[in-house]
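Taking the hints as your guide, dock the two standalone chains into a single complex.
Chain by chain, the residues:
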Amino acid sequence: MQKVISLLMENQAGALSRVVGLFSQRGYNIDSLIVAPTSDSTVSRLTMTTHEDEKVVEQITKQVNKLIDVVKVKDLTGNNLIDRELLLIKLEVNTKNKSHLDKTNCSILSEEKSLYVAEFIGTSSEVDKVILSLQNCPLLEVVRTGVSAISSDEQIFSVKN
Amino acid sequence: MKNRVSGAEALMLALKDAGTEILFGYPGGAALYIYDALFQQDAIKHILVRHEQAAVHAADGYARSSGKPGVVIVTSGPGATNAITGIATAFMDSIPLVVISGQVRAPLIGTDAFQETDMIGVSRPVVKHNFLVQKAEDIPDIISKAFYIATSGRPGPVVVDIPKDLTDSNHQLNYSFNKDVHIRSYQPQNEGHPGQIKRALKLLLESKQPVIYSGGGVISANASEELIELARILDFPVTNTLMGLGAYPASDDRFLGMLGMHGTYEANMAMHNSDLILAVGARFDDRITNDPAKFALKAKKIHIDIDPASIDKIIDVDVPIVGSTKIVLRKILNLLEKKKDKIDKKKIEPWHLKIKTWRKEHGLNHDLLEEKSSNSKILPQQVIQALYQETKGDAFVTSDVGQHQMFAAQYYKFEKPRRWINSGGLGTMGFGLPAAMGVQFAFPEATVACVTGEGSIQMCIQELSTCLQYGLPIKIINVNNAALGMVKQWQDMQYDGRLSQSTYQDSLPDFVKLAESYGHVGMKVKKYEELKSAMKECFKLTDKLVFLDIDVDPDEHVYPMLEASMSLADMHLDKKNKTW
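So the sequences go chain by chain: E and U.
Position one of the first sequence corresponds to residue 2 (the numbering used here), numbered consecutively onward.
Position one of the second sequence corresponds to residue 50 (the numbering used here), numbered consecutively onward.
Isolated chain U (complex conformation) (with noise of 0.2 Å):
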C-alpha cells in the first residue's frame, strides 16, 4: 500500500529515493513546512550554512569532487535570490545541482508577496532547467526529472520552485518514485557519430604536431583514463583548460600544463603551431583562443563535445563529435586498438623536442620556493609551491578568484582529476571557502586547502562559523597582497597603474583574531624564511581550521598573460619581455 503523505514529505522522501545524502540550505517563512519534514527524518543530514550563496557553493563543492550532485534547499525572495550567483557559477561550469526553493503560497504568486520573486523567471538564463511545481501530487516526478536533468548530457543546476501551500499537510499525496526518467523533449546523444570517429582517426595517425587540448567535459564525464589512455598510445602532449587540470597528471612528461590566458608559453605555443587540435570536453571560450581569427590556424580540429551547441560556437573545426567525451575516447581507443601498426611515434618526435625547447626557454620556473627574492618577500608562487610541497601534491584545492587563482593552476601540480576545484567561467569570488566546505563534506578525511586572497575570502568569510559548527578542519591559505592583485595587475599594465579602488591597506581585518575569534586557528606569515615551517604548522594541525595568513609580495604579476585581440603566441613573459 501507499503512503499518504504531504507534500514536503513527499519532497524529503523523493530527495533520499534520488540518492540524496547531504543537503546545503537556509530555512525561511516560505520553507518551512520542508524544514519541518526535514527534521522529522534522519536519512538526509542537513548542513546550515550562513548565507545562501555558501549553500549553493558547498553542494557545488562536494558535486565537483565526488561527481554527485550538490543538493541545496533555500527560502522564497532573497533566499532565493542569493543563491543566484552559487547557481549561475555552477551553471558556467556545467555542475550537476538540484535547488530547492520555496516560494510563496499559489494564491499569492503575482501579488508582490511578502518575500516573493520570480524565481523561475530570476534564474532562467542561469539553470539548464527549472520547475515551478503547479500540484503536490507532481513533486516526486519533478524530483526525478530534475536529477536527471542536472547530471545527464551537459550537467548543470536545476531549479525546483514550490509554493509554500503545496508542502504543507491538507495536501496529502501517494508518494512513489519512479526513477526511470523519460523526456521525449530531452535525449542527450552521448555515443559519438561512428563515421566522424573514423575521420577523427584518421586526422590522428596523420599527423606530425598534435596537441590534445582537454577541458571539464573530461573530468564531468570521469573520462580521465581514457584521456591518459589515449595520449599515452600515441604519444601526444596534453594541455589542460583551468576546468580541465588534473585530468591529465601533471607529473607526466608529455603534459603542457594549463592553456591560454595565463597558460604555459610552451601549451599556448604547441596549440599556436600545431597541426592537429583534439580538443576533449573544452568549448574554446575566449580566455583560451584569445582572437578566434588568429587561432591555431595551421590546426585541423576534431572537437569532443557532449553539447551540440559548442560546436563550432567561436572555432570552425573539421570533425565535430557529439558524445560523452569517455564513451568517444574509448571508442577512438577500441579502433586504435586494432591499427597500431599505423601508430608512428617516431614522426612526432622533432615536435615533442621543440615543445622540449619551448619549455626551456620560457617555461614555468618550479624550483622557485628555492630561491629567496631580492627583496626578501614572499612570492605568491612560491606560497602555491610550499602548499604543494607540504600536501605532496595529494590535497583538494579549492580556489577564490584572481592571482591565487592562476598561481594555484600553474604551480599546483595536480595528478588527479576532480582536486581543484575553482569557479573558471564565472570567475565567482567568494566561492573557496563554502566549495571547501562542500569538499570536506564529501572527503571527511581528506586534507582540503582553499587557496584564496583577501579580497576573495571576504567575500564569504561567515561561513567560518559553519566550518565551526561542523569541526571542518579546512585550510585557509590566504595569499595576502593588500590588494584585488588581478584588478591591480590589469591596472598596471593598461591603465597607466592608476590603481582604481583595488587597493585597502589600512582596513583590512586582523585574519588571525577574526579566524580566533570564529573558534579556529589563525596564523601569519610576514617572512620567507617561515614559509615552509608555517605550511608544516598548519597541516599538522589535522583536526582543526587553519587560516593561514600569508604576507606576498604586492607587486608580482601573473606571467605569462595573452596580449588581447592577437593570438596565442602574443605573451607578455614578464613586466619586461614580450613575445612579439
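If we strip away everything but chain E, and leave its shape as in the complex, we get (with noise of 0.2 Å):
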C-alpha cells in the first residue's frame, strides 16, 4: 500500500540532500518525492511516497525527523488523504491520439507543428491508467510530478501548529 509522508523543513542549503542521503543510507525505497517553497518563504514542503512496511515508515519519519533541518514531519496515509499528481505527455498529432487524449480526459497545452504536448492530474493509480491506455499512441514523452498530498483534517500541517 502506498504511504504518504510529508515534511516541513528550513528552505536551506543543503537541507534537501540531508534528506535524500538519509534514505539511501538506510536503505528506504522511495517511490516519488517532490519539495517547493512554502507560502511561509522560511520553509519548504516535501512530499514522499513509499510502499515501505508500516515498521519502516515508523523508522523514516523518526529518522527524518532528528535531521536539525527538519521541522515537522507527519504521515498522512489514511482516509482523508488528498494527493494529486500532475502528467505530461507528448505525442504525433493525429485524430486517433486527439480521440484517446479526450477520452482520458486529458488536456491539450500545445499543438506545435506535429506533435501534442497535453496533461492529466489526478491520484497516482489514475495517471498509472492513463499512461496505460495511451502506450500504444505511442506516448513519445513522459513527465510526472511525482505525488503532491495534503489531508482534509482540520488539524493544519504547519509550523505553528
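Read the hints as simulated data drawn from the structure, not as lab findings.
None of the values given here were measured: they were computed from a predicted structure.
Ideal placement from N, C-alpha and C gives every residue a C-beta, glycine not left out.
Be aware that one or more of the hints could be misleading.
[Said to hold, decoys possible] Heads up, simulated DSBU-like pairs for lysine-lysine below, C-alpha to C-alpha not over 35 Å straight-line:
id	chain 1	residue 1	chain 2	residue 2
1	U	Lys465	E	Lys73
2	U	Lys184	E	Lys73
3	U	Lys343	E	Lys63
4	E	Lys67	U	Lys465
5	E	Lys63	U	Lys349
6	E	Lys63	U	Lys228
[What the hints assert, rightly or not] Reference listing, derived: stretches of chain U covered by chain E, where coverage requires no fewer than 3 residues with Cβ under 8 Å from a Cβ of chain E:
id	segment
7	62-68
8	229-238
Here it is, written out as C-alpha cells:
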C-alpha cells in the first residue's frame, strides 16, 4: 500500500540533500519525492511516497525528524488524504490520438507542428491508468511530478501548529 | 562597545566562550588564518597531532573521559577526509565533538580547487549535523549552535566548514556570543512521558526475573548514580553493554558483566530467560540481540532512550520512554519512593540463585593470573588481570579493536563511568593511543593505560611523537599475538583455519626500539614469570610513556562467543564446548 509522508524543513542550502542522503544511507525505498517552498518563505514542504511496511515508515519518520533542518514530519496516509499528481505527455498529432486524449480527460496544452503536449491531473493510480491506455499511441515523452498531498483534516500541518 | 574582529578571531573567541580549553588539530593552507588567530591568543591550548584521524580520536577520548565536548581543527581536503574516520567513530558512539574544517575560498568552491573536498557532503552520513559557513558574521552563532547540538539530546559530532576567505582580515565583524541557542527544528525530549513511566513502574514491581540492560546512554547522561540506586532498591541484576561498562560497579554482586557477542554466560542467559528487560540508554544493536527474532522472547521490555529512533528500531518494546536516562531514572526512583511497600525482593531471590548457578557453571575465571598455563605462554586475559591488579582497578583504560578489546572489557572490572574508553560502534583500529592522549590531557595526573595489539597500534603509531612533544606518560599495554587476533579467531572457527592475510610474524617492528626511538621507554615481556614484575615496573615510571610489548599465546580465542543467527543462549564456551 502506498504511504505518504509529508515534512516541513528549513529552506536552507543542503537541507534536501540531508533528507535524500538519509534514504540511501538507511536503505529506504522511496517511490516519489517532491519539494517546493511554501507561503512561509523560510520553509519548504516535501512530500514523499513509499511502499515500505509500517515499521519502516515509522523508522523513516523518526529518522527524518532527527535531522536538524527538519521542523516537522507527518505520516499523511489514511482516509483524509487528498493526493494529486500532474502528468505531462507528448504524442503525435492525429485523430486517433486526439480521441484517446479526449477519452482519458487529458487537456491539450499545445499543438505545435506535428506534436501534442497534453496534461492530466489525478491520483497516482489515475495517472497510471492514463499512461496505460495511451501507451500504444505511442507516448513520445512522459513526465510525472510525483505525488503531492494534503490532508482534509481539521488539524493544520504547519510550523506553527 | 563591540570589538571589530576577523572571522578567525571571532572563531577563537567563540570557541573560548563555548567553554573550549583545549583543541586538537593540524594546520594547513585553508586553516592558516585560523592558526594565526590561535597563535595570537592564549585562552585555548592547541595540541598538534601527527595525523588528523588522531586529532579527532584524541578529542573523542577527551570528551568520553571528561564529559566535555572535544574540539578539533583540521584543514580542507585531505585534512578533512583524514578526520572522517574519527568523526564516524564518535558518531557511532554518540560522543559530542565540534570539528572545525578549513575550506577553500568561497569563490573556488565547486571548481576542484587545490585541497578542495566537499566536507559537508563527505561528512553528512557520519555527523549529527554540519554547517557550511556562508558569512563571517555567522561564525559566533554557528559555533554556539554547533556546541548546543553536539552536547544536547543524543550527543554527536558536528562539523563546521569555514571557507578560508571568511577567516581573513578583510571580513571584520562585531563579535558577540549568544549562549542561549534556540533552534525551532531541534527540541530534544528529555523528560520522559509520565504515563509511560507509570506503566514501567508497574512492570518493574511485578517482575520475578528482571534484568537491567544498560548502555552508553547512562554514561553520556551521567546517570550512573541513578542506575546504581535503582538496581539496589529493586535488587535487580545489571548487565552493561560494551559502551556501558563502568556505569555499574563491576564488583557489585548484582553485576553480570558485559552481555552480547562476547558477553558473560550469566549475562546472556539472564537476558534470554528474563521476564522483564529494562533497557536504559542501550540500542539493541546486532552484537547484543543476535537474531532479533529469537531475542529474549519471554521478556517484556521497557526502553528508556533519548533518541526516539532507537526505540522499536530492532526490537519492539512494551513500554517506550523517550527521555534523558538520568531524568527518567530519577522519576522512576521518585515514584518508587512512594511505593516502597510494594517492593518484594523475596520474589526475585530464586532468580538471583539461578544466575549464581550460571555464573558458577560457566562464568569467567577471574583467577587465571594465578594459574600458569601448560605451555607457559602468557594468556591475553592474564595481561588484563595483571593490569587490573597493578592499577587497582582505578586506571583510565583505552583500547583498540579486536581480541584485546574484548578481553579488557571482560576482565578489567570497571568501578566508575568514563574509565573505559573504546570504539564500540564503529570498531576503529587505531583509536586507542590517540584516545589515551585525550584522556591524559583531560586528567594530567591520572593513570592512563592503552590496551592495544600489534595490529591496532600500528594504525596510529605516529602519535608516539605527539606523546613525546607533550610528555604524556601513557602506558601502552601491547597484547602481542603477532596476528590480527579477532580475524584469526573467525578464520579458525568459521573458515577452517585458513588464515587469509591475518598474520605477519616476520615483519613486526621491534616495539622496544621503536618506543625508544621516539624517546620513550620500551619493555618486552615473553614469559609468564615476568608479567607481574614488568607490569609493576611499567607503572612505577609515572612520568614516562612506557611501551610494554607482551608476547601472548596466539591461539587463544575470546569466549563466550555467540553463534551467529541464533539466540543469546547459543554460545561457544570454549574451543570444544557449546551450549546448543
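Hint check:
1. Lys465(U) to Lys73(E): It is violated: about 39 Å lies between the C-alpha atoms, which goes past 35 Å.
2. Lys184(U) to Lys73(E): holds, 27 Å
3. Lys343(U) to Lys63(E): holds, 25 Å
4. Lys67(E) to Lys465(U): With Cα atoms ~31 Å apart, Lys67(E) and Lys465(U) stay inside 35 Å; holds.
5. Lys63(E) to Lys349(U): Since the Cα atoms of Lys63(E) and Lys349(U) sit roughly 23 Å apart, the hinted pair holds (cutoff 35 Å).
6. Lys63(E) to Lys228(U): holds, 28 Å
7. 62-68: That given contact is violated, which follows from only 0 residues of the segment 62-68 of chain U lying within Cβ reach (below 8 Å) of chain E.
8. 229-238: holds (count 4)
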